[in-house]
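Engineer: Each chain is listed here by its residues.
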Amino acid sequence: MTCTLFTNVTLIDPEALTEGAGHLLVKDGVIADVALGPMAAPEGAEVVDGGGKVLAPGIVDLGVKICEPGERHKESFKSAGAAAAAGGVTTIIMRPDTLPAIDSPETLEFVTRRAGEAAPVRIHAMATLTKNREGREMAELSFLKDAGALAFSDGDHVVADTKVLARALSYAREIDALVVGHPQEPTLSKGAAATSGKLATLMGLPAVSPMAERMGVDRDIAMVEMTGARYHFDQLSAARALPPLERAKGNGFDITAGVSIHHLTLNVNDLSDYRTFFKLKPPLRDEEDRLAMVEAVGSGLIDVISSMHTPQDEESKRLPFEEAASGAVALETLLPAAMRLLHAGQLSLPQLFRAMALNPARRLGLPSGRLAKGAPADLVLFDPHAPFMLDRSTLRSKSKNTPFDGARMEGRVLGTWVAGVRVA
Amino acid sequence: MTLRARHLLGIASLAPDEITAILDLAEHYAEMNRSGEKHADALRGLTQVNMFFENSTRTQASFELAGKRLGADVMNMAMQASSIKKGETLLDTALTLNAMHPDLLVVRHPHSGAVDLLAQKVNCAVLNAGDGRHEHPTQALLDALTIRRHKGRLHRLTVAICGDVAHSRVARSNIMLLNRMEARVRLVGPPTLVPSAFRELGCEVTHDMAEGLKGADVVMMLRLQRERMDGGFIPSEREYFHRYGLDADKLRHAAPDAIVMHPGPMNRGVEIDSATADDPTRSVITEQVEMGVAVRMAAMDLLAQNLKAERAA
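Listed in order, the protein sequences are those of chains U and Y. The working numbering puts the first residue of the first sequence at 1, with every later residue one more than the last. The working numbering puts the first residue of the second sequence at 1001, with every later residue one more than the last.
One should not assume that every hint holds.
[To be verified] Covered stretches of chain Y, as calculated for chain U (at least 3 residues, CB under 8 Å): (1) 1089-1097; (2) 1100-1112; (3) 1127-1134; (4) 1185-1199.
[To be verified] Counterexamples of contact, computed for chain U against chain Y with all Cβ distances above 12 Å: (5) Val54; (6) Arg113; (7) Met203; (8) Met215; (9) Glu288; (10) Ala375.
If you are wondering where the hints come from, they were derived from the structure by calculation, not from laboratory data. Glycine included, each C-beta is placed from N, C-alpha and C at the ideal position.
Based on the sequences and whatever the hints tell you, model everything.
Structural biologist: Here it is as structure tokens:
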């Protein structure tokens, strides 16, 4: 029996929304005891003295792109796993937007096997909602679910044909599957590289109103009302998308929503010198939108914070802004970026870990995300105040497309444990 | 007076005194261009490369003539027909160019920000000859010079910029320059081509020509950029001409001595009728072309002075 005692740590309880000095005992990969105050080490136990730093449930990151199969030069299971471990992410929920897409049980089995071999953290895959993410025919949802797909998503492809979406949602409802959608009115946002407004006007970039996101939210909520499906918005970014979400939740629909760490910490003004590492999908919004999203995480209206980790190689990014690919890597920067919200006094650690660990785990039916007796010992020990300057060349991801290159950040991971085993 | 930056990427990076310096020097070259001796040696021994990733006859010819009149060795590279088609990236192109040791690089590119990107990677002075919908600084400077020659000043003039503002880099550079020089800018056109976000750039926005032209000292018409539109911005060209095309009737709303400008090439009968475009008492369109050469000479002269100072140091 292996046994580890974490002493002298600040424990984060995202369920009770509390934090306090205490200890945590791990036996055989499971949390055996957790309590405030000190505790004597059991015989034979390894003792980890946290030095007063923070011990939290490992991050459960919903919506990570790993480029295997298909574009392993951008990110492999090995590199993504190392990045996750270094960033305190103990569970990756992988997007199915690989090449080929994860739309068959065979591809899913390949992915699951490779992930298990190559990565030190837990990796679960989502499968596509429609074949090859084309929005025409639904994928083999039931086979895929049996093969281990945790949820169904076409990534950032919108199922534009509402009839196809309605059928897929009805089918998903029947097999009790969670569908993860990307809210966007695709014809309105076609060709856009930025959010419409002063800056996009000045820069001469094709732009889209955040209203396109609102329209996507409205449509999808109507479809959920019609079909009764379980639904999660992968990432909201616009303030005006929040009132319909609040109404839908109030009406008792089984809807949750996420937000990316970038939309919580950056805004449209960061684009001002055409730096393509800031080109995201949806595009960065106004400061008022950012603040509304932060507030919605605090109130619980937004359930999940994700990295929306999207590796892109240099060739995809070193292009004129309109031509450059969208997306940013964030497995390693999720935690320090989230600390900006803590240090700004906008969100507490328990609120942050509710959104980064507890809620995504619950939504996907995983037992992790909590510091509770019986939960898996997926843990991150970190110093929320340790300052550093991010140098993108030090990232473990194969792709280095982070908007935080050269940024001053606070928050360093001191150790990461998956099932009680130290992985970083 | 010299320019503070190494490149001329946009009006956004020019201070009012720099704008005035370019215009003053251009005035000198305009005079020289009208004389029998059209040659100076400000760029002697320097190599100027014109790289156009987008078709252009007028601007490229203007830069070429400007360079030649100042004694530079000028080379034109028509990029839309060459390596880009073979998959070479913009930055590979920059590396290739560096190896040729140009001194002045004149770039036009269909994407906003592309010239800035290129400027970060090359060792010479870069002049933006138009990037996407972003900036076209020498056009704004030649417009300013033309206005100044007719009105004697830029400040406290009312300039109406009419038509397809949304897709226009000319409009953006002009808005910035005119704001900076304390002129009053009014934008006129249908809401699909003049979005209200332009109000945030410090302009008045109106969708009615009579209101927009009222009392204007300068009426600047823009070309309907059919190639930059992805469809459906206006119902038809004839309806557009009826509501927004400049003719004598609409021009009556402007100040009696208002001048009419157009960056060219014109779509006659779409944004402007021929009688107005060719009216010698109002139209300064051909003078704009003339000032284009002078302004480009001035801009390249000033950038070359920096280059020489940098090399001497």
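Engineer: Now look at each hint and say whether the structure bears it out.
Structural biologist: Results of checking the hints against the structure:
Three residues within the 8 Å Cβ limit are the bar, and the segment 1089-1097 of chain Y against chain U gives 3, so the coverage statement holds. Judged by the Cβ-Cβ criterion of 8 Å, the segment 1100-1112 of chain Y is covered by chain U as claimed, because 3 of its residues qualify and three suffice. A count of 4 residues in the segment 1127-1134 of chain Y with a Cβ less than 8 Å from any Cβ of chain U is obtained; the coverage claim is therefore met, three being the minimum. Counting residues of the segment 1185-1199 of chain Y whose CB lies closer than 8 Å to any CB of chain U gives 3, which reaches the minimum of 3, so the coverage claim holds.
Every CB of chain Y lies more than 12 Å from the CB of U:Val54, the least distance being 40 Å, so the non-interface label holds. With a least CB separation of 36 Å from chain Y, U:Arg113 remains clear of the 12 Å interface cut-off, as annotated. Its beta-carbon lying about 6 Å from the closest one in chain Y, U:Met203 breaks the requirement of being farther than 12 Å from that chain. With a least CB separation of 18 Å from chain Y, U:Met215 remains clear of the 12 Å interface cut-off, as annotated.
Non-interface call for U:Glu288 relative to chain Y: holds, since the shortest CB-CB distance, roughly 14 Å, exceeds 12 Å. With a least beta-carbon separation of about 48 Å from chain Y, U:Ala375 lies farther than 12 Å from that chain, consistent with its non-interface assignment.
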